[in-house]
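Make the full structure from the sequences, and use the hints.
For the protein sequence lines, the chains are A and B, in the order given.
This note's numbering puts the first residue of the first sequence at 17, with every later residue one more than the last.
This note's numbering puts the first residue of the second sequence at 37, with every later residue one more than the last.
The hints are simulated quantities; they were obtained by calculation from the structure and are not laboratory data.
Every residue gets a Cβ at the ideal spot worked out from N, C-alpha and C, and that includes glycine.
It is possible that some hints are incorrect.
To be verified - Label-pair ranges, simulated between beta-carbon atoms:
1) B:D166 / A:F277: 53 to 61 Å
2) B:R159 / A:R253: 38 to 46 Å
3) A:A49 / B:S75: 35 to 43 Å
4) A:G247 / B:D206: 23 to 31 Å
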Amino acid sequence: MVVLRYAQEILASIGAAVLALCAATGALLIFAATAVSHLVRPPFYPVEIGRQLLRIGWFSLPVVGLTTLFTGGALALQIFAGGARFNAESVVPSIVAIGMVRELGPVLGGLMVAGRVSASIAAEIGTMRVTEQIDALSTLSTNPMKYLVVPRLIAAVIALPLLVLIGDIIGVMGGFMVGVGRLDFNAATYINTTADFLTTADVVSGLVKAAVFGFILALMGCYQGYHSQRGAQGVGRATTNAVVSASVLIFAANYILTEVFFTS
Amino acid sequence: MSTQITLKNLTKSFGRKHVLRGVDLVAPAGQNTVIIGESGSGKSVLLKCILGLVKPDAGEVLLDGQPADRDRDAFLARFGMLFQGAALFDSLTVWENVGFRLVRGKNKLNRSDARDVAVEKLRRVGLSADVADQFPAELSGGMQKRVGLARAIAADPQIIFFDEPTTGLDPIMAGVINDLIREITAEIGATGMTITHDMTSVRAIADQVAMLHNGKIRWIGQADQMDTCGDPYVEQFVTGSADGPIEAVR
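As C-alpha cells, this is what we get:
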C-alpha cells in the first residue's frame, strides 16, 4: 500500500509538472499569436519603433562587436592549432568565415542581445505592470500590446540581422587580424580565400537565424514582463526568466534552423 | 454632460476566492460616489470590472442604461482615472503624460497644442509650467498625484475614477488632493467614483457613500447619513474601532 501511495504521488507530481508546462506553452503561444495579429492592424507607433530600434540595435552594437571580434580571433587560433595536426592550416580563413557567418555570429550575437535586451524589456514592462502603468495605458484608450509589445518585436526583428551582419564582418576581421598578425598569413591571400569561399546562402542563412532570434528574445522579454507578479521579487523573477528562456529557445531554434538549411 | 453608472449583480471570483458576490450600485450622474470598505473587500476589483481590465464572471455595467462593453473605445474616450500610485509613464515627460490621450485617437491635437492644453491642466491642479518638461521620477509623491489628476482630466471626461487618491500623502497634501477632486468634478460636471478607506477623503469628496463588505454592497446612502445610519459595519468602519462585526486581524 505504501509503495502504491508513493507511486501515485510521483505520478501526480509528474502530471502536475506536465500540465503546468502545457499551460505555460499555451499561454506563450496565445501571447505570441496576439502580438503577431497586432503587427498588421493599426494604429501603429513609428516613434516607439524608432526608439526601440535605437535601444535594441544601436546600443547593442558595442557588445556584439566586441564579442564577435574576440570570437573571430580565438576561432582563427583554434582552427590553426587543429588544422596543423593534419597540415590543413590554410583552411583558417574559410572556416573562420563560415563559422562566424553561419553559426557563431547569429548565436553569440543573439545570446548577447538576449542578455542585454530581454532582461531590460522584462524589467521595464514588469515594472510598468506592478506600478499599474499598463492598466493606465488601457484606460487611456491605448492597447498595451500595440504600444509596448509590437514596437519591440518589430525593432528586434529588424535590428538583429543588421547587428549580426556587422558582427559577422567584425568577427571575420578579428580572424584576419590574428591570421595576419599572429599566424603569418598573407593579407591579400586571406581576404581572397574568405571572399571566394563564402556564398550568399551562408550569409542569408545567418541573417534569417538572427531575425528569428530577435523575435524570440523580444517576445520572451515582453511575455515575462507582461506577466510579472507583484513586487520587486516578481520583476526580478521575470527578468531572470526572460534571459534564461530566451537563451534556451535561441539554442533550440538554432538547431532547428540549421537542420532546415542543412537539408535544403 | 455626465453619465450615470449602474452596476447590476456584478460577480467575480479568482479560483475559490469569491471577491464580488453580486454588487448592485447606481452612481448618479454628476455626483461623487465614494466606495468604502476594509482592505481586501474587493474595491479595486470592482473598479477594474467596471473598466473592463478584469472580466466579471456575471453581471452588467451600464452607462446611462447602455452596456459599457458594447463600445469599449467610446466608453474609455469619455473616461479618466487617477491611479493609487499615479501610474505615470516613466519614459515620458510630465506634459507628455498629461497630453498622452490628446496626441492620439480620432480627435488628436498636434504636439504644440497638446502641450498647451497639458500646461493648462497642470496649472489647474496647482503645478507651474516649469514641471512640464521634467520626468515623473523628478517629482515628489504629491506632485505626481497632481500630475496623475491632470492626466485624468486632460480630455474633459464625463466619468472620473479615483483609486485611493490620498494613500501615501501627508495630511495637508491629502487635503489639497481631496479639494481638487471635489472642485474639478463639479467644474466639468463629471460623475466621480472614488474608492478609499480614508474617512477624511470620504467626508471631503462624497455626495453618496457605498460600503462594500464581503463582496456585496452592505450600505448605501448620502454622505451626511453615514454617521447616523445605524449599520454596525458602517459605524465600526467610520469610527475605526477594532471591536465590531468586521473582524480585525491582530
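Now for the hints, and whether the structure bears them out:
1. B:D166 / A:F277: 53 to 61 Å: holds (58 Å)
2. B:R159 / A:R253: 38 to 46 Å: holds (42 Å)
3. A:A49 / B:S75: 35 to 43 Å: Holds: the Cβ-Cβ distance is about 38 Å, inside 35 to 43 Å.
4. A:G247 / B:D206: 23 to 31 Å: holds (25 Å)
Figure legend: structure checked against the earlier numbered hints; every hint is met.
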